[in-house]
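Colleague: Listed in order, the protein sequences are those of chains A, B, C and D.
Under our numbering, the first residue of the first sequence carries the number 1, and numbering increases by one thereafter.
Under our numbering, the first residue of the second sequence carries the number 1, and numbering increases by one thereafter.
Under our numbering, the first residue of the third sequence carries the number 1, and numbering increases by one thereafter.
Under our numbering, the first residue of the fourth sequence carries the number 1, and numbering increases by one thereafter.
What the hints contain is simulated information worked out from the structure, not anything from laboratory work.
Keep in mind that the hints are not guaranteed to be accurate.
Any copy, or any two copies together, can satisfy a pair, since identical chains are not distinguished.
[To be verified] 25 Å max Cα-Cα, derived DMTMM-like pairs, lysine to aspartate or glutamate:
1. 15 to 80
2. 15 to 67
3. 15 to 249
4. 15 to 148
5. 15 to 132
6. 99 to 123
7. 15 to 28
8. 15 to 251
9. 99 to 144
10. 15 to 182
11. 99 to 148
12. 99 to 16
13. 15 to 36
14. 15 to 84
15. 15 to 65
16. 99 to 28
There are 4 protein chains.
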Amino acid sequence: MPMLAKLSVHASRNKDLRTAQRIFTTPEVPLYDYVDGFGNICTRLTMPTGGITISCGFVIEDRFEPDEVDLGARQASLAELPDDVLHFLLASRYCETDKLTDIAWGLFGHLPMGWGLVQAIVDYVHGAIRFDYMAARPTKTAWEVFHERTGVCRDYAHLAIALCRCMNIPARYCTGYLGDMDLPAVIGDMDFSAWFEVWLGGRWFVFDARHNFPRSGRILMARGRDAADAALTTTFGAVTLSRFDIYTDQDCLTQD
Amino acid sequence: MPMLAKLSVHASRNKDLRTAQRIFTTPEVPLYDYVDGFGNICTRLTMPTGGITISCGFVIEDRFEPDEVDLGARQASLAELPDDVLHFLLASRYCETDKLTDIAWGLFGHLPMGWGLVQAIVDYVHGAIRFDYMAARPTKTAWEVFHERTGVCRDYAHLAIALCRCMNIPARYCTGYLGDMDLPAVIGDMDFSAWFEVWLGGRWFVFDARHNFPRSGRILMARGRDAADAALTTTFGAVTLSRFDIYTDQDCLTQD
Amino acid sequence: MPMLAKLSVHASRNKDLRTAQRIFTTPEVPLYDYVDGFGNICTRLTMPTGGITISCGFVIEDRFEPDEVDLGARQASLAELPDDVLHFLLASRYCETDKLTDIAWGLFGHLPMGWGLVQAIVDYVHGAIRFDYMAARPTKTAWEVFHERTGVCRDYAHLAIALCRCMNIPARYCTGYLGDMDLPAVIGDMDFSAWFEVWLGGRWFVFDARHNFPRSGRILMARGRDAADAALTTTFGAVTLSRFDIYTDQDCLTQD
Amino acid sequence: MPMLAKLSVHASRNKDLRTAQRIFTTPEVPLYDYVDGFGNICTRLTMPTGGITISCGFVIEDRFEPDEVDLGARQASLAELPDDVLHFLLASRYCETDKLTDIAWGLFGHLPMGWGLVQAIVDYVHGAIRFDYMAARPTKTAWEVFHERTGVCRDYAHLAIALCRCMNIPARYCTGYLGDMDLPAVIGDMDFSAWFEVWLGGRWFVFDARHNFPRSGRILMARGRDAADAALTTTFGAVTLSRFDIYTDQDCLTQD
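Construct the entire structure; sequences and hints are all you get.
Modeller: Below, the structure written as C-alpha cells:
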C-alpha cells in the first residue's frame, strides 16, 4: 500500500541539523523524497503486506527561545500582501472561511487590525474549545469545531486559522515536534503538535491556540493550508497504526 | 476593495491567442498579473468606491474538436503517479474525500480501474444530480451535493472530482468558456462553465459531468483543486455583481 | 522572426505601478507574457517582415532614495547561504569565475569579509575600467573586460560580479531604467542601465561599479546571472535596431 | 570547506530506485539535500580538515535499451517552443552561442530542420574532435574546443550543445553513469560520462557526440545548461581529489 510520509524536519530547518537525517524502514523498502510546494519533505514508499516500521533520528540545534512576540507588527492591507501569500486567505478543506465570515466579523469586527486582533482570536479559541482527545476525528472542520466546542491541537489551529483568514490575515497550519522541556513538569506520552502562523509585519509569526503562551523548542515538520496539506502520513487505503513513539532529549550548547 | 480576478485565458492557451489579451477597466485603475501555482493568470486590482467595469477581449484559435476519448488510457497505480500529481488526490474545500471514501468504494469498488471507472463516476453524477440554478450556493460541497442531489455545473464537477479522488484517480477542477457552437440550438444567456480533468494514461483528460458528452470549444481560464482555487473573481468584502455579459463568436480557419 | 522581450518592469515592482503596464506594437501582433525563474516578465511575439515598433508606457511610484548603504552588513559564510542563492556563485556566460579566481584572491584576499570587500571590488573596477561606448560588444566577458580595461555599464557589472563570486559573495546582474533626475545636470540621450546586487546581511544590496555612488530612481526591468539571462530583447536571427527612445519624467508625491 | 555534491541519481529517476539511496560520509558530517531548478538533487555538506570520503550506493532498474531514435521527430519553430525550454537556447558559461552562430550557420545552414540536423552536428563534432584526457581543463569552452579540436566527453557535449542552440534547437547538458555493459569488451577504469539532450518533436531526446551511437544504461545524475550547472561536486576553495571509484554491476530482471 502506497504511503506519503512527511516525517522529516521541514526544509526550512535543514541548516539546523547537526547530523544527517535519514529515514529507515523495517523491512527495507525503496523510498525517495521530494519537496512539495510548501517546502515539506515528502517521502514516498510502499508498505509491504505485514506492515512496516518507519524510523527517523537526528540531532538538531534550536535556539530554544519562546515564540517571538511583536505587539507592533503591522497587519498589511490586502493590496499590500505579496502574491504568494494570498493563497493563505482562501478557504481550504478544514477551514471553511466562506461559512465563518459573518461569525468572525461579528466577534472581532470591532477590533483594530494587527497583532491584537490575532491575539483576540487566539484567546477566543483557547477559551471556547475544551481539549478532548476523544472528540478528535479526521474529518472535523473549523466550522464543526466552532459548533462542537471540543477538539485537539489540530482543531484549535483550524478554527483560529479560519477566523484569521476571515479577518483578512493570511494564516497557515504547522505541525511538528514540541517537547515538554519548557514546561514545569514532565507530561506523559508525547505526540506531535499542531500550531499555526500568521502573516504580520511582512513575515510569518507563530501562534498556538492550544497552549496560548509562547512555547520553546518547536521543530517544524510540515506546513500547509490546513491538515490536509500537512498530514504526517497519508495512506491510500485502510491502515492500522499499531504503535507510535516519539523520543526527544536535549543537550545544551554553549554558544560561541 | 481589493480583488483577485482570473479573467484571462489560462497560461496553457497563451500560444493560441491570435491577438494580445488585455484587461481594461472603467475607471482605469492600476492592475498587474501574476501566475499562481496552477498556471492561472491572476490579476490584482483595487475596486474604487462606485464600482468598476472589467472587460477583456481577445481572439483565440481552437481546434474545435470534441473532448478526446481514449478508452484504453491506463489508470496508473498510486506508486506510479508523478510527485506533482499526488496533490490532486487530497481532500480540498469542496471535495471532502475523507467523508466520501466509503460511499465511493461502495458505488464503484467493483469496477475495473481505468477510463471506464471515470466514465461510471461521471454517468452516476450526471444521472443523480438535477440541474437547478436555484440550488447553487457558494459554500456547497461535494458531500452536500451528494445528499441534496441538485446543483449547477460546479457542483457536478465537485462531486465527480471527489469520487474520482476516492478511487485514487487524480482529478482537478477547471473553469472557462464553453460556447454553444457545437450544439444544435442556440442556448440563452451564456455563463462560464465548469468541468474537470483526470490523470489517466500519463496525462490529463477532460470530463464533464454536467453535459456528459464530448463538447467542442472549451477555452480554459482557471484550474485548481476545486472552485476555491479557481474562482474567476475573489473579493475580500461585500460586492454586488450588477451585470455580467459574455459574448463569443466564431470564425473558421482553413488550416494550411 | 520570434522575439523575447523583457521590456516590462520586473515583477518585484508590480505593486509600485500606478497605471496598468501594457505593451503595444505597431502593427498589432499576438503577444503574451510569462515570468521566468528570475521574476522577469518576458513577452513573446513574432516580428513581422517590415519590422515592428514596440512601446510600453506606465507610471510608477518610487521612493527616489539613494541606494541603501549598510557598512555593517555581514557576509554569510558559504555554509550559511540559502540554497536558492548558491546559484549566484557559479560561473556564467559573461562571468568566468573559474578563470578569475586567482586574480580575485590576489587583489582582495587580504581584506576582511563583508561590505568593505564588495566596496573594494567596486572601487577597483570603477577605477580600472575606462568607459567607452566604442569598446562595447555583445560577446565581451568579465575576463576580457579585465584585460582590455574598457567597457560600458554592462561590462563594469560583469567584472564586479565575477570578482564578488570569486570571493564567495553571491552576485547577480540587473538592468533597468536609471534617469538623470538625481544628477546635477541633464545628461544627453538616455539608455537603459546595468548594475548588480550582492547578498550581504541576509538580503540583496545594490552596487553600481559604473557610477560608484548611491543613485536614486532605479527601476528594475530584468535580473539574472549575467546579461545572457537579462537581455532586454533576444531575437533569433538578424535584426536591425533602427531607433530607440526612452522618455522618463517625474512627479513628486507628497507622502501621506 | 563547504561542498555542493550532485552525487544522487537525478530526481527524474527516483521511481526506478529499488533501494533507498543514501549518501554516507566518513567521518560523519551533517548534510542535507535540496532540489535545484533543473531537478538535480544537491547535497550540501562541509568537508572537515583532514578530508572526507563520500559514498553512495543503490540499486536502480533500467530498461537497458539503446537511446531512442526518431528520425521523424519534428523540430519546433521558435514560436512553438514552450516557455520553459527557451532557456536552453541561450548562451551559457561553456557554450558561447554568441561567438559560434556564424560558424554554425556556415556549417549547417543548408540542411533541413529536424533530427537529421542534430545528427549532422553530432557527426561533425564526433569527427572533428580527438579524444584526449590530457586536453581536458575545467575552463574549456565550446569555442575553445572548436579551435583546439581535442577534448573529453564534456567538451564534445559542450560543442554540440552550442551548435544546436545556434541552429535554434534547445539543448541541455547531462552527466551520469554510463557503464560498459553494452560494449563488446570491458573498458578500464570507469568515470562518469557526459552527454546531452535536444528538444525535438515536443520532448527531449538523448544524443552523445563522444560515442555517436545509441548507448544503453545511462543513469542520469545531473542536468543543466552546461557543466557549470551540472558539476558533480563544487567546492569553494582548493581541494584535492585523492581517489575516485565507481563500481557498477548488473542483474537482469525478467519483466512481468
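Colleague: Of the hints stated earlier, which fail here?
Modeller: Violated hints: 4, 5, 12 and 16; rest satisfied.
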